[in-house]
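Number of protein chains: 2
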Amino acid sequence: MSGGDILASGISARERPLVEGLKRWVAIPSVSTDPERARDVEASAAFLRDYALGCGMSRAEIWPTAGHPAVFAERIEDPSLPTVLVYGHHDVQPVDPENEWEAAPFEPLERDGMLLGRGTADDKGHILMHMEAIRGILDTRGRLPINVKLIAEGEEEDGSEHFEELVRDHRQQLAADVAVISDTGMLAEDVPGLTVALRGLAYWEVRVETSSTDLHSGVYGGAVLNPIAVLSQLLAGLHDARGRVTVPGFYQGVRDLTSGERAELAQVPFDGGTFLASVGATADGEEGYSTMERRTIRPTLEICGIWGGYQGEGAKTVIPSRAGAKLSSRLVPDQEADQVTAAVGAHLRAAAPAGARVEFELIHDGRWVLTPSRHPAVDAAARVVSEVWQAPCVFIREGGSIPPVVTIADELGVPCVLFGVGLPDDRIHAPNERVVLHQLFKGMQVVGRLWDAYAKLGRQGLSEPLG
Amino acid sequence: MSGGDILASGISARERPLVEGLKRWVAIPSVSTDPERARDVEASAAFLRDYALGCGMSRAEIWPTAGHPAVFAERIEDPSLPTVLVYGHHDVQPVDPENEWEAAPFEPLERDGMLLGRGTADDKGHILMHMEAIRGILDTRGRLPINVKLIAEGEEEDGSEHFEELVRDHRQQLAADVAVISDTGMLAEDVPGLTVALRGLAYWEVRVETSSTDLHSGVYGGAVLNPIAVLSQLLAGLHDARGRVTVPGFYQGVRDLTSGERAELAQVPFDGGTFLASVGATADGEEGYSTMERRTIRPTLEICGIWGGYQGEGAKTVIPSRAGAKLSSRLVPDQEADQVTAAVGAHLRAAAPAGARVEFELIHDGRWVLTPSRHPAVDAAARVVSEVWQAPCVFIREGGSIPPVVTIADELGVPCVLFGVGLPDDRIHAPNERVVLHQLFKGMQVVGRLWDAYAKLGRQGLSEPLG
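Chains as they are written, first to last, in the numbering used here: chain A, 1 to 467; chain B, 1001 to 1467.
A couple of the hints might just be wrong.
[Stated by the list, open to error] Listed next, the stretches of chain B that the computed footprint assigns to chain A, with coverage defined by at least 3 CB atoms under 8 Å from CB atoms of chain A: (1) 1209–1218; (2) 1231–1238; (3) 1351–1365; (4) 1392–1400.
Calculated directly from the structure, the hints in this document are not laboratory data.
Note that CB positions come from ideal geometry on N, CA and C, so glycine has one too.
When you get a sec, could you build the whole thing from the sequences and use the hints?
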């Protein structure tokens, strides 16, 4: 056998241990949003700490936070080698509605090459994929070709509230040349992919007040500003007939994709019609862009909520004094959340009629993430993924945000490679979550080869700036 | 003394008894919206039944309904005389916030020529004004110049839910030549007035659905119809830049006022600026009409409520599947609620983009009421009011609706004269409700003279059609 075959074989030997380990871990209901499960999240952290040591990590510890604990583990072979930081999370989503599960969510069931249970795909399976791959490499070769660190968060499903503080407080211990984020997925089993971009977010609340008290619609109706009417006008005016955001300065800094990049995106097997039909939605958005482009590379301005006046059964003849809405923008490179916030706020205030008092407040924001496909860390990963899957690797741009990735990118200044083996049908966040085991097994092989590839690139080769 | 002076003196003698009777009645907390007060509403009805008999009504009885009971009383002098039906209500508003009352709401306090307490003005004081005036006439003359009937509802503050059924079931017993509704007010102590018009109402709910499930704003944002955006567009399009409703057919049947009628309305002492400033509101509405006209003689299309998506603290990155709003129109002569409902519904459906499913539902409607100032029943009342107040009587058009008035007008086919002595500062529906006693005393004198005037007009003279 060649060296590569020996490694592959050594890693394959860890497939059953991965499945058995995952069953034991999934049995710990580490639901971070449920205060009654706090002890389970602690137990989950302890499980992972011990598991990491069992897989050959030289050090593993629980890092407490003001919320749920994270787990840190590392194996430093030689400081001159590249260091890879692996990110995952050991907390899981709630299970409701529990009666829609085919099997108990925390009694994992292996069936048809899949493991069913809460956390199998999101994200415990991914973490053990990394741990068992390391064990396979060590069983075969006795050492790793790189240094590896693992940070497994315990609050990802609860907003990663303390993750930024945690990373800041441990910046030295988490220092690395590249981060591999394994909390994403692929488009299909036979379409291997890497995620290269996430959109950022700015989320606002706008409130309109037009009188100091609620008014009777009979006594005042027809003669006064109505705050819901004012708000409707403001919101209706945010887009033009071509679906473009009308706010002056909104598109400032937006980097247009090259024709090559658009072609790359167009190669992703994705049918917009099917995608929208599956949720009963109708296509809408900016003229001149595909559904895929609208949801990934273009900035948005969406209304996420609205309220005002009477919302109950029947009738209340009121003209309310106030109305409000939640707005959010998905941001793309190189938009700045502060600049967009200022632009939207100024536009809303200017567009409101005299007599309407407008308040505009930033609720939170987060930067976009971009690791271009030409970056050596991504390029190497893509080659390895293609080899293992024996199919071309596509580059996925996600429309959403993953806040801890922004934290890692910003606080540690490392390129982030988003490699996950989840599938669209894994039902993460829903009843009957499952993971396809051969996806995890292939993922272990990717890890084995990728560390070799990163060793070959060396610290210098990985250090190319993003941009 | 002249006959008129003798009558006035006899009625004046009932001033103190009115105040003392009102104190006892107000002490019964007949809050119709509070299920725990149901026995008090019953006690209030029994009090009024006994009080009416004490004032010389020849018959008085409690009429149960599926909700709270009403009280009926009558004194039939001679079937050939005109019959007046007096309407009032014996239930009262809730008292919250109770800590804002200067004195306990059900322990009436006489001070500075006013009586404070829940129900003093709305509407118990008005009912006793009628009862004690009758007692004064009978004490002086031994008989009434007309027949009188009283219907006092027990659910006016709770939506008059069973009043229509009650009137239908007792149509014969309630038959009259004219109805005098005493549940309204005047603009100021020195500006006597009669209400001659009430706007009607149509109240709707509109719901927009754009997908079969709530969507993640990162995954779908920018690429799908957003129901709040669609709803905002629909609502923003309901009025043009001149404040006119854009719905085709909306103004169908609207009777333009004659220049004489507009001049009559302009004579009402009313300062639109002060009126709006007192509630911190800003003037808005149809070009070419005054604030008074916009709120009384013009139809409206207002948004009374709106909802959709996330309304809580912080952020939820959702594109909801649905959004909705409550709309209402105040209707004026001769608009038809059915026709306006069809017009608004058709317009909203037509204006929605393909892919947005629009539901439009009528919640309830009620007709406008108009008793022109030239009608003999109003004309006579205006002359009497002017005499008693020694000032010209103004004709008030109210922007709101009083559903039982519509019921009486429609079911009994009688002209409705709206005579009430409330004042803008009476704080009905708010803490520290009060009635100005000399308003009630003058009101008693009006009643004394008005029955003479109606007797003089005779049944024939009162029967002029509305038009």
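Hint by hint, here is what the structure shows:
no.	hint	in the structure
1	1209–1218	holds (count 8)
2	1231–1238	holds (count 7)
3	1351–1365	holds (count 6)
4	1392–1400	holds (count 3)
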